[in-house]
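Once you've looked at the hints, go ahead and assemble the two chains, each given alone in its own frame, into the complex.
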Amino acid sequence: MSPNQLLEDRAERGQQRGAANVWAAAIKEIDPTPVGRPNPWGRASFWLVGLAVAVVGIIGLRQFDGFDSVDETATTSVEVAQQDDDPNAGIEPAPILVEGMSLRSVYSTSVEPDGVSVTSSDVVIDAPTKTTFFGNPTDPFSSPILAIENLDGGGFRPWALNLNGASLDGLVDNLIRADGEWTIGDDPEMVQLGSVTDEAGQFPTWWQFDFESGDKTITLQAEKDAGGEAWLWITRLAPAEGETMDAKTIEVVGTEGVLVTSSTGADFVTWESDGFNYVARAGEVVSDTHEGRLVADKIDSLVVVNRADWQAAIEGAGGFTTSSIAVPIGLVLMVLWILSSIWFLYKGPRWLAAPLPVAGLVFLALTPDVISLLLLIGGLIAAWGYFALRKDGDDPSD
Amino acid sequence: MLIRSHFWPVGCLRIMTSDLQARRREELDLFAALYPQLRRFAAVVADSDQEPDDLVQEALAKVLRRTSLTDLSHPAAYLKRTVLNLVANDRRRKGRYRQILPRLGLDEAMSDNYPSDISFLDELSPTDRAVIYLADVDGYSLSDIATELGLSAGAVRKRASRARANLRERTSDEPEPAT
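In order, the protein sequences belong to chains A and B.
Residues in the first sequence are numbered consecutively from 625, following this note's numbering.
Residues in the second sequence are numbered consecutively from 7, following this note's numbering.
With the rest of the complex left out, here is chain B (with noise of 0.2 Å):
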């Protein structure tokens, strides 16, 4: 008994550490049953060019540097925000370069060239493709979108409802593939 008493700050770590493993495997856990709906969702908000498993592991950090997924209370509300706040992070940061290209004459040359359908798309603001994805292809209310996505009941109405007209209408007016 006298001996290990000596020890005890040993054993002390010992036992830490293990108790930082098993949270750190809870997490994986916790992570591994999120991926499928956050992946799913970073694809749709994300830019065409912006790898959404990129984005998800982004996310992902940026979270577990601040806390741990088991304490909180909605974690994948949160990581769909924190995907969500990335997106838009990282579009200001190009609308400032797409300011300066045209001054460069190189707004031609850079332009990407996507196709149609994904580019309609890409006109939506990141939260409006959030919101018609979670409302028409996820199949949450919108009441649940708003406590998702931390937006009042009245914007995600509006956004959702903007945001389907003008998909339709650049739907309609798409031409038919030529068979």
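Bound-form chain A, shown alone (with noise of 0.2 Å):
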């Protein structure tokens, strides 16, 4: 046998498996899903976390909507107090901002809560109907207060302001009942100030903004009353037993306030005005535990400001340090998902391209928060983990 035949023999042994058999079994090698099926996990566990951005953006939207439902449901025109040029005075919360503090957090419902009550009726058996406020007409805060809660079951509550509890018993014991309620019989220095039924206790909206400086704190909440009953604030005092509570009147942000001190050493500065009723709270962080302390010194740092001003506070709050820390990251995840849209789209599985877009212009309308950036991060680890990790051959072309 001649070499040339020899060659020739050896060219054709074997048994031939055919083109497309070889070929099928080569891209089976190389990619275990059926050829030209797409592997439909990676697709879809990447398409949900698209999903899950763009899901957190609305959520993050409907939250920063509550400035524009309040707007929406507000329909009687109210005075202004604070601001006369203010068109959102009353509507929202007076621009109150702490001096020498940054406005860390804001909480709002525009949601009237369903059968909840202002009042201290989640702790007694039997839930006030009435509280009526019984004191001087002419210069109640520097004299006593007694408060009456008429309770479901025909009984009572007491409570005081600017009275010793030996005073409060002596009071107590001359209450009458009269029509259905409970009241104090003839006495010129205890006439009825005014009354919070339950129905006025209900809050239409409700706001609490946190300043910190530091590991001083203060709490600013401003409830929007539906009765503009002034005396509402004072249903919230709910005083322990052996407590006993003094009232005296105090100038805050331009109006006439009220700052109450307990016998146990807390105090607070309440207000109404524009028939929103506040409440101011100081505090102090000490060893991870949030301790009380004396609001009367830091009075005078709140401030009415600008509403822009305001707007630009609220909307830096939020979150973990929004505006420090947050936003530059958010920036820097948005120019890597943009890369590695570029990349997926001329490099590596086109597929991968698609959703990122999608889900950076979701982000793009956002406030960036701890949770969207964290799904920013696991987006772009999943996509790149898929890339890394996929079976050769997804994509001839990388």
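Calculated directly from the structure, the hints in this document are not laboratory data.
Note that the structure is a prediction, hence the values are computed from the model and not measured.
We treat Cβ as the ideally placed atom computed from N, Cα and C, and that holds for glycine.
Hints may be right or wrong, so weigh each one.
[Stated by the list, open to error] Residues from chain A shown here face chain B by an in silico Cβ test under 7 Å; the list is partial:
id	residue
1	Pro627
2	Asn628
3	Glu632
4	Arg634
5	Arg637
6	Arg641
7	Ala643
8	Val646
9	Trp647
10	Ala649
11	Ala650
12	Glu653
13	Ile808
14	Gly809
See below:
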């Protein structure tokens, strides 16, 4: 046999499987999924990340819609006390900030809680139906004030300001029941000053602003009362047994407020303005525990500012030090997302490039917070992790 | 128009998937055209105990992991070189294995018993077999073989000359089969 014949025979040896079969086996070797069909799990997982970012975006936008929903629900004109040219006075709390402190977080709701009483009805067996206040008609906050909660079952619960326990007991002994309500007998020094019904205690809008400077904190709460009853704030006192409360008037943010000091040493300042009840408290974080501090010395640091500045402070607050950390991180992540999209479009599996811009556009509409940042990071890790660990051959161009 | 714009990523995904499938089809067509010559080449350069189609499949998978067939300027040459490298790598592995066998006293028991004409070719290196096959059977010029296998023209000439002499010598020594 000649060498050429030997080579020719050798070239034809073996059983031929055919081009199509060899091709299919090679493709199967580099990609365990059937030829021509994409790996559904990889794609689905990444689309889920994109969808999750979108959901977080929508939730984030809805939270900030709280500002708008207050505007939409306000139907009555209100007297402008803080700033005559402030169009949002009365439908939003006064634009109050604290000098020397930064606004750390804002909580608000524009949803009226169903059946929630602003009194302490949840801690007594019989809920109060109406609270009546008695005191000196000319100078109530420099004189004793007695509050009588008429309870559902026909009983009452008394508590007082500027009264010691013995004097309170004496007043309570003289309470009489008339027309189904508890009241004080004929006493010129203790006339009825006002009353709050349970319905009036329902609050349609509630805000809380947390200010901080180092370990020092000030918490400002603002509740829009349904009935416009100035005495509403005093129903929040809920004094403990044996606790006495001293009250005196004090000027706060240009209006008259009441500074209430408890026998326990804690205090707070409260005032009513434009249909909102405000309460401010001071505190300090000591060994990770928030302890109450006297607010009396810090009242002057509460200032009414321009509403645009207030809105800017609110938008800069929320979550963890948003303005200083989250925004730059978010911008860096966005650049990474865009670069990743371009990479996947030209070099990697092209399907990975599609959800990235969608998620990025949604993120652009957000104020970055922890969740959205983590989702962005998670999305990038998922995309590149899939890219690095996937079976070769999913896209032969890379 | 607005509704369509909401779903553009899905549309893009479909376009990309169909684009990928179209490219796969192009690659398959190209491979089908190259398969006969690749298969013959693999059958020649592979050792007797290697299935040519397995070798082609392995080479194809190796290439596809790195690039697309349609992106290669000379896909046939690229695949042939890959086949050759795979055979050479396999030989190196077997060489180490064969060095161990005598120590274990298994060299006789494990040795292959192939027909003599096949064993002639097996005694040549895979590259030498590739050179004389391309030159003497497929009719390639030496310079084309050099390009195809990534060798210098001088190396191809030497290998061809040496392999031919070796084969001629072995085939002339082979006794004629009894009739």
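Hint check results:
{"no.": "1", "hint": "Pro627", "verdict": "holds, 4 Å"}
{"no.": "2", "hint": "Asn628", "verdict": "holds, 5 Å"}
{"no.": "3", "hint": "Glu632", "verdict": "holds, 6 Å"}
{"no.": "4", "hint": "Arg634", "verdict": "holds, 5 Å"}
{"no.": "5", "hint": "Arg637", "verdict": "holds, 5 Å"}
{"no.": "6", "hint": "Arg641", "verdict": "holds, 5 Å"}
{"no.": "7", "hint": "Ala643", "verdict": "holds, 4 Å"}
{"no.": "8", "hint": "Val646", "verdict": "holds, 5 Å"}
{"no.": "9", "hint": "Trp647", "verdict": "holds, 5 Å"}
{"no.": "10", "hint": "Ala649", "verdict": "holds, 5 Å"}
{"no.": "11", "hint": "Ala650", "verdict": "holds, 4 Å"}
{"no.": "12", "hint": "Glu653", "verdict": "holds, 4 Å"}
{"no.": "13", "hint": "Ile808", "verdict": "violated, 67 Å"}
{"no.": "14", "hint": "Gly809", "verdict": "violated, 72 Å"}
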